[in-house]
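Line order of the protein sequences matches chains A and B. Counting in the working numbering, the first sequence runs from 1 upward without gaps. Counting in the working numbering, the second sequence runs from 115 upward without gaps.
These aren't lab readings, by the way, just hints derived from the structure by calculation. It should be emphasised that the depicted structure is a prediction, and the values quoted were computed from it without experimental measurement. Fair warning: there could be bad hints in the mix.
What the hints assert, rightly or not - Incomplete in silico selection of chain B near chain A, CB under 8 angstroms:
1) S145
2) G156
3) L157
4) L159
5) Y162
6) F179
7) A213
8) A215
9) P218
10) G219
11) R221
12) V224
What the hints assert, rightly or not - With beta-carbon atoms standing in for the labels, derived distance ranges:
13) B/M153 x A/S12: 13 to 21 angstroms
14) B/E158 x A/V46: 17 to 25 angstroms
15) B/G173 x A/E59: 26 to 34 angstroms
16) A/D29 x B/P168: 23 to 31 angstroms
17) A/K70 x B/S141: 33 to 41 angstroms
18) A/F54 x B/G156: 22 to 30 angstroms
19) A/E15 x B/P168: 44 to 52 angstroms
20) B/P184 x A/A81: 46 to 54 angstroms
21) B/G142 x A/R28: 27 to 35 angstroms
22) B/E176 x A/S12: 32 to 40 angstroms
23) B/T134 x A/R63: 37 to 45 angstroms
As the list claims (entries may be wrong) - These stretches of chain A come out as covered by chain B in the derived footprint (C-beta under 8 angstroms, 3 or more residues):
24) 39-45
25) 94-102
Where is the CB? At the ideal position from N, CA and C, for every residue including glycine.
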Amino acid sequence: AQKVTQAQTEISVVEKEDVTLDCVYETRDTTYYLFWYKQPPSGELVFLIRRNSFDEQNEISGRYSWNFQKSTSSFNFTITASQVVDSAVYFCALSGAGSYQLTFGKGTKLSVIP
Amino acid sequence: DAGVIQSPRHEVTEMGQEVTLRCKPISGHNSLFWYRQTMMRGLELLIYFNNNVPIDDSGMPEDRFSAKMPNASFSTLKIQPSEPRDSAVYFCASREGLAKAFGPGTRLTVL
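Chain A on its own, in the form it takes in the complex (with noise of 0.2 angstroms):
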């Protein structure tokens, strides 16, 4: 069975602080990947970056970065200097190679305050 607990329900810092939101995944698969999603206040799921099981290399995009341990499965997500626009609930989530299944976890949402 798969699993990604993301223990940080909400989260509030003020704008131009650095966040970052854990993810932590169980699985027996060997093969597997890695995914975050944004959903901000209009509801929308925005997809922002998929990693495969084989590539730990940490990913930088603009202010966003993440980091992919294997070691402790986890796949964190660190937003530098923050703004407002990165206010949305962030979902990490998790399909086996092959998989149609996506194994989402609960949300973290990030409030980033002016």
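We have chain A already, so just place chain B on it with the hints.
Coordinates of chain B only, in the frame set by chain A:
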């Protein structure tokens, strides 16, 4: 690319009424998914189509729920009769490859 299109965006109906949610996947995507999002249960997969064929409908909560995909560019999720506990946001997603693209969702309220 217009992305996944869902209609309506909001639906308010009374208990017992039939509700039909519509989805147009991204052109060329051969997999389509319907999800339901509630505060209590988070995001749940309801049904998965591959090449217009239902592959896994184990997430469909009851016989009141049905889904069809008559062609590669259109799918419907129907609830008949609707109940207040069906109130949720229903997402359609499509995929060609590894990442699912989600539609904007339909917020359903059953009074």
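Tested hints:
1. S145: This interface hint holds because 6 angstroms falls under the 8 angstroms limit.
2. G156: With Cβ-Cβ at 5 angstroms, under 8 angstroms, it holds.
3. L157: 5 angstroms, holds
4. L159: This interface hint holds because 7 angstroms falls under the 8 angstroms limit.
5. Y162: 5 angstroms, holds
6. F179: With a minimum Cβ separation of about 19 angstroms from chain A (threshold 8 angstroms), the hint on B/F179 is violated.
7. A213: 5 angstroms, holds
8. A215: 6 angstroms, holds
9. P218: 4 angstroms, holds
10. G219: Nearest chain A Cβ about 5 angstroms off; hint holds.
11. R221: Holds: closest Cβ of chain A sits about 7 angstroms from B/R221, inside 8 angstroms.
12. V224: 18 angstroms, violated
13. B/M153 x A/S12: 13 to 21 angstroms: 19 angstroms, holds
14. B/E158 x A/V46: 17 to 25 angstroms: Holds, since B/E158 and A/V46 (Cβ atoms, about 19 angstroms apart) stay within the stated range.
15. B/G173 x A/E59: 26 to 34 angstroms: This hint holds: roughly 31 angstroms between Cβ atoms.
16. A/D29 x B/P168: 23 to 31 angstroms: Hint holds: Cβ distance 24 angstroms, inside 23 to 31 angstroms.
17. A/K70 x B/S141: 33 to 41 angstroms: Hint holds: Cβ distance 36 angstroms, inside 33 to 41 angstroms.
18. A/F54 x B/G156: 22 to 30 angstroms: 28 angstroms, holds
19. A/E15 x B/P168: 44 to 52 angstroms: 46 angstroms, holds
20. B/P184 x A/A81: 46 to 54 angstroms: 48 angstroms, holds
21. B/G142 x A/R28: 27 to 35 angstroms: 32 angstroms, holds
22. B/E176 x A/S12: 32 to 40 angstroms: 39 angstroms, holds
23. B/T134 x A/R63: 37 to 45 angstroms: 41 angstroms, holds
24. 39-45: holds (count 4)
25. 94-102: Answer holds; 4 residues pass the 8 angstroms Cβ test.
When the structure is compared with the earlier hints, violations turn up for hints 6 and 12 and for no others.
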